[in-house]
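*Asks:* Note that the protein sequences, when read in sequence, are chains A and B. Quick note: the first sequence uses my numbering, first residue 1, plus one each step. Quick note: the second sequence uses my numbering, first residue 116, plus one each step.
These are computed hints drawn from the structure, not numbers from a lab. Be aware that a few hints might be false.
[What the hints assert, rightly or not] If the Cβ cut is set under 8 angstroms, some of the chain B residues that face chain A in the computed set are:
1) Ala145
2) Met156
3) Leu158
4) Ile169
5) Gly182
6) Gly208
7) Ala342
8) Phe347
9) Ser379
10) Gln433
11) Gln436
12) Lys449
13) Ile450
14) Val469
15) Ile482
16) Glu483
[Claimed, not checked] Here are the simulated lysine-lysine pairs, DSS-like style, with alpha carbons at most 30 angstroms apart:
17) Lys453(B) / Lys107(A)
18) Lys107(A) / Lys143(B)
19) Lys404(B) / Lys104(A)
All C-beta atoms in this analysis are idealised placements derived from N, C-alpha and C, irrespective of residue type, glycine included.
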Amino acid sequence: MLFEPLLASAGAGAGEADAAFASLLFVFLLATFIGLGVVTRVSRLLHTPLMSLTNAISAIAVVASIVITGRDHPPVINLLGAIALAASMTNIVSGFLITDRMLKMFKRPGEEKRS
Amino acid sequence: MTFWIIEIAYLVASALFVMSLYWMNDPKTARRAVGAGVAAMALAIIGTLFNPGIVHWGFIAGAVAAGALIGVPLSWVPLTAVPQRTAVSHAFGGLAAGLVGVAKFYLWQGEPESFTAFRTFALVAEVILGFLTFTGSLMAAGKLQEVKWIPQRPVTYPFQNTVNIGLLGVAVACGLALVYRPLELAYLFPVIVVLALAFGILLIIPIGGADMPTVISLLNSYAGLSAVAMGFVLDNKLLVIAGALDGSSGLILSIIMCRAMNRSFTNVLFGAFGQVQAKTGAAETRTAKKETPEGAAQILEMASQVVIVPGYGMAVAQAQQRVRELYDELTKRKIEVKFAIHPVAGRMPGHMNVLLAEADIPYDKLIEMDDINPEMTQTDVVLVIGANDVVNPAARHDKTSPIFGMPIIDADKARMCLAIKRSMNPGFAGIENELYFADRTYMLFGDAKAVVGDLVKQLSGGSGMH
């Protein structure tokens, strides 16, 4: 059967790695519910900045890239990590900067014009 | 000790990421959201640097510097180009996820016990999602930037959907085979990578410009999900949480965009919008009434409530500043001016709000479609600037129209409608607009920037705005 290996490892002999995987499923479920709850409340005015903000947040891949780039691995692996790290860093830097730039433009009613 | 330093840094970072999104619920607190996001990311990075076994500090510093060097100029793009920048960002996010997946796969070849069935499954998901997001987002960015060698109109060919789904199916099948035999069948891994890259391109080719807001949101979601998959591969809760936040945000935005166009996901992805219009060309030739800037200015002056409906055409003509001057002139005369914002106005969710905010229009004047429509019958004049499909009454009653069922701004219900348009050519989606032929509609032909400039000149008594 196609899913046999998946089912086999979910069986009685499930090891530590599977236990960790299962608890991550709970984390994923709860984080998704929190995400849906919080994002539905985001002001419609701010959907463009929201997307650039979440862009920067999902560049959290940076933590994995740092470890792969920095550890003593074959050079090719370090190189892959370095490219991933540079890509993530680009998203972090440009994502936060442009979000802030856009948010600065939203003027409260009656607020003074920018100089 | 280092274990707890890292765990606590990640824990606080997770909390800050959630707070960051929470503060986006109001423009007043939104800038705090960026602060929280930056703090969370800084904590995550510093915590990670405590990881034992990191030796190549130079590599890390070099890559971080390279990223910052590309990132800073990317944040200076004009606001009309923000959709492209966002798409490029999704591409980078996908690339990072894909490359981390590749690195892990080959590292694990040396430690086969790492290939538990579930982890291998997550790794395959990460690589497929990551690489399809990479090429798909680059294609989307190219279409938005109107790069010459990427066709703007949807490209279709026979059995397109069958081919696309078939490709993805083969990639998934290869992935499942790897779950069985990650070492013996390792040669299948590059095949998965290539198929995912190809699928990303083929997925975007049949999608037209009008659907870009949905596609960008969907790719946003994929980028988040690839980070989630990476979290499962590396057994890292922070990755799962941050990725899930991004994924759910992209999902909600895609749903909002789909609803605003009365389409379903499958319809957007496999429907090839922009194909059905050929038959509407045979409509009888009707004539629209023309109005001069002088006359239009008089009409506006006598109104007590004016609603401006901006569309992407306004941004293309770079008329935002003139619109702001018009807003000032009318407000000076105690005329109530509001802006009606359709959810798909612009090229990504919320795009129009940002474009108008840049022109210093206070955000309490930017009113959502659902809130402005009940006011339309009490509105004296609606001024349509560069918007088209979102004010087409055909969406309400013409079952043959491709936009039938799409929620619209009820510009035709106001006492009078002025529409600024370059010519009578159909708009972005290639559909003729009934509003322009309505009894109470008067057309102002010309470039949006020039026409609004003329209106301002008339209103300010011709006393030289230039």
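*Asks:* Each hint needs a verdict: does it hold in this structure or not?
*Replies:* Each hint, compared with the structure:
The closest approach between the C-beta of alanine 145(B) and any C-beta of chain A is roughly 5 angstroms, which is under the 8 angstroms cut-off, so the hint is satisfied. Interface restraint check: methionine 156(B) against chain A, minimum CB-CB distance 6 angstroms, threshold 8 angstroms, status holds. Given hint, leucine 158(B) at the interface with chain A, is violated; its Cβ is 10 angstroms from that chain's nearest Cβ, farther than 8 angstroms. For isoleucine 169(B), the interface hint holds, the least distance from its beta-carbon to any beta-carbon of chain A being 4 angstroms, beneath 8 angstroms.
Of the supplied interface hints, the one on glycine 182(B) holds, with its beta-carbon coming within about 2 angstroms of a beta-carbon of chain A, less than 8 angstroms. The closest approach between the C-beta of glycine 208(B) and any C-beta of chain A is roughly 5 angstroms, which is under the 8 angstroms cut-off, so the hint is satisfied. Hint on alanine 342(B) holds. Least Cβ distance to chain A is approximately 5 angstroms, under the 8 angstroms limit. Taking 8 angstroms as the C-beta cut-off, the interface hint given for phenylalanine 347(B) holds, the closest approach to chain A being about 6 angstroms.
For the restraint placing serine 379(B) at the interface with chain A, the shortest Cβ-Cβ distance is roughly 19 angstroms, beyond the 8 angstroms limit, so the hint is violated. Checking glutamine 433(B) against chain A: minimum C-beta separation of about 16 angstroms lies over 8 angstroms; hint violated. With a least beta-carbon distance of about 12 angstroms to chain A, the hint placing glutamine 436(B) at the interface is violated under the 8 angstroms criterion. With a least beta-carbon distance of about 16 angstroms to chain A, the hint placing lysine 449(B) at the interface is violated under the 8 angstroms criterion.
Contact between isoleucine 450(B) and chain A, as hinted, is not supported at the beta carbon level, the nearest pair being about 16 angstroms apart and thus beyond 8 angstroms. Proximity of valine 469(B) to chain A holds as hinted, the smallest CB-CB distance being about 5 angstroms (cut-off 8 angstroms). A distance limit of 8 angstroms between C-beta atoms decides the matter here; for isoleucine 482(B) the minimum to chain A is near 10 angstroms, and the interface restraint is violated. Of the supplied interface hints, the one on glutamate 483(B) holds, with its beta-carbon coming within about 6 angstroms of a beta-carbon of chain A, less than 8 angstroms.
Between the alpha carbons of lysine 453(B) and lysine 107(A) the distance comes to roughly 15 angstroms, so the proposed pair stays at or under 30 angstroms and holds. Our distance criterion of 30 angstroms between C-alpha atoms is met by lysine 107(A) and lysine 143(B), whose separation comes to about 9 angstroms. For the suggested pair lysine 404(B) and lysine 104(A), the alpha carbons sit about 41 angstroms apart, so the restraint of at most 30 angstroms is broken.
In terms of the numbered hints stated before, the structure departs from hints 3, 9, 10, 11, 12, 13, 15, 19, listed from lowest to highest.
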